[in-house]
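For this note's numbering, count along the sequence shown from 1 and bump the result up by 13.
It is worth saying that the hints were derived from the structure and are not from the lab.
Be a bit skeptical, because a hint or two may be false.
To be verified - Estimated spans, in silico, between C-beta atoms of each pair:
hint	residue 1	residue 2	range
1	Gln155	Thr392	51 to 57 angstroms
2	Val353	Val416	24 to 30 angstroms
3	Thr44	Val382	25 to 31 angstroms
4	Gln135	Gly414	47 to 53 angstroms
5	Ala242	Thr101	16 to 22 angstroms
Said to hold, decoys possible - In silico SDA-like cross-links for lysine to any residue, where the CA-CA straight-line distance does not exceed 20 angstroms:
hint	residue 1	residue 2
6	Lys214	Gln380
7	Lys214	Gln241
8	Lys214	Gly167
9	Lys214	Ala236
10	Lys214	Thr237
11	Lys214	Ala242
12	Lys214	Met99
13	Lys214	Leu224
14	Lys214	Ser176
15	Lys214	Leu243
16	Lys214	Ser245
17	Lys214	Ala244
18	Lys214	Trp165
19	Lys214	Asn278
20	Lys214	Thr115
21	Lys214	Ser228
22	Lys214	Gln202
23	Lys214	Gln239
This one's a predicted model, so the numbers in the text were calculated from it and none came from an experiment.
The beta-carbon is built from N, C-alpha and C at its ideal position, and this holds for glycine as well.
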Amino acid sequence: MKTLLKSVVRGSLLVALELTAGNAPGQTSLTFVSRAPLPVAHYGMGYTNDQQFIYQVGGGSPATALTGDVYRYDLAANTWAVGAAMVTPQRWSTAAILNPGTAGSLIYVLNGAASVANSPVQAMETVQAASSLDGPSFANPQSTTTAGSAVWNGVLYCYGGISGTTYASSLRAYNRLTDTWTTLAPLPQARTTAGAAVNGKVYAFGGYDGLVNYSRVDAYDIATNQWQALASLPTVVSNQAVAVQGEWIWLVGDFNNQSYLAAYNTRTAQLRTFTSNLPPRRNAAAAIVNNQLYVWGGNTASANSSALSDMWRADVGFLLLGTTAAAAKPILQAYPNPSVSGRFQVLLPDAGGAGEVQVLVRDGRGQLVRHVRVRRGGTTHELDLADQPAGLYLVETRQAGLVTARCRLVRQ
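Taking the hints into account, I'd like the entire structure generated from these sequences.
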């Protein structure tokens, strides 16, 4: 991030935070710094995070193509811990937390391959996020391996993949509250793929169908249950890691071009590609936490011995904070900041004749967690983030569709 906190006054004092752009919008190269390596090299693992810890489940290692290993990375301490859970040995799986930041959060582990012949693990296993112990198991009918997956509003979406030698186009949604699966509109092209969900849409990037790699981008609208084929990428991509940062989706690595690094804007369809010092890889893992891109593991060839253990981090805050610097946005003010309770009083800019003021809040991954409308004439807004985990949050106000002010809040 080009600018983090201009000033922070603890307790109930007013805090003003300013976001600046600099020359970041034209940035075409990333510099990664090394972090603590994995205890053992892995590739093709399931991965997820809750903004405090990064979790990794399964994957191949130098010793074997299938493991049930569970690792947890402490972002603050820069350390890895080995979990006690014993999931089915597998690779190419999905790991997802459907209710992050709540007591009893589970890591759902599914769609892994239980053999090198891509026989899917039939059950959906879980790991307790807080303790890394085994959790309950659930049914996972029609499971496929190497499938795309995404979480939106606590619902898990799985699409594409392979079972044995058969490539799938199915799209299935899992609701943890009812423990039910729903079959939805199929993916336009059967293939293995990877993607994510942003603003009510599920994206599938590239992929492989046993014959060719793809450059296509498909978007599924959750509200309408329809897929739309978007403009293709300029190159094919498969076996990439993905991470979400606001309206951007990062694509890291590729089966052939292992140095591939790009960010796709889901609103404009803009693709920004980057050079970097990140060592080449495919079948890796990635995460966005506080506008930092973490990349770890993966492999460079088919042999298990090519598995990687290194972890890297790069500052990518410019994607969200880098706008044209022609007119600096006013400083939005809020108090108390930091807040232990998660409740803030936000001082609203003068709406003038623009009508209502919209208040938008994004978490450290750039996910929209609040979008409220305040009637014209209001001077303050009580923002309640009590249900959100501790961390940094970006708040902005909009009038007539334009951003009028921004600040950062610290939820302790």
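Sort out whether Ala236 lies within 20 angstroms of Lys214, counting only the CA atoms. holds (8 angstroms)
Are Lys214 and Gln239 close enough, with their CA atoms no more than 20 angstroms apart? holds (10 angstroms)
Given the hint of 16 to 22 angstroms, is the C-beta distance from Ala242 to Thr101 inside that range or not? With a Cβ separation near 35 angstroms, Ala242 and Thr101 fall outside 16 to 22 angstroms, so the hint is violated.
Are Lys214 and Leu243 close enough, with their CA atoms no more than 20 angstroms apart? Distance of about 12 angstroms is within 20 angstroms: holds.
Does Ser228 lie within 20 angstroms of Lys214 when you go C-alpha to C-alpha? holds (19 angstroms)
Is the straight-line distance between the alpha-carbon of Lys214 and that of Gln241 20 angstroms or less? holds (10 angstroms)
If you draw a straight line from the CA of Lys214 to the CA of Ala244, is it 20 angstroms or shorter? This hinted pair holds, its Cα atoms lying about 16 angstroms apart.
Verdict for Val353, Val416 (Cβ pair) under range 24 to 30 angstroms: Taking Cβ atoms as reference, Val353 and Val416 lie about 28 angstroms apart, which means the hint holds.
Quickly compare the C-alpha distance for Lys214 and Thr115 to 20 angstroms and report which way the hint goes. violated (24 angstroms)
Run the distance test for Lys214 versus Leu224: straight-line Cα separation, threshold 20 angstroms. violated (28 angstroms)
Pair hint outcome, Lys214 versus Gln380 [Cα-Cα no greater than 20 angstroms]: Distance ~13 angstroms between Lys214 and Gln380 Cα, so the pair holds.
Going straight from one Cα to the other, do Lys214 and Gln202 come out at no more than 20 angstroms? Within the cut-off at roughly 17 angstroms; holds.
In terms of the numbered hints stated before, the structure departs from hints 5, 12, 13, 14, 20, listed from lowest to highest.
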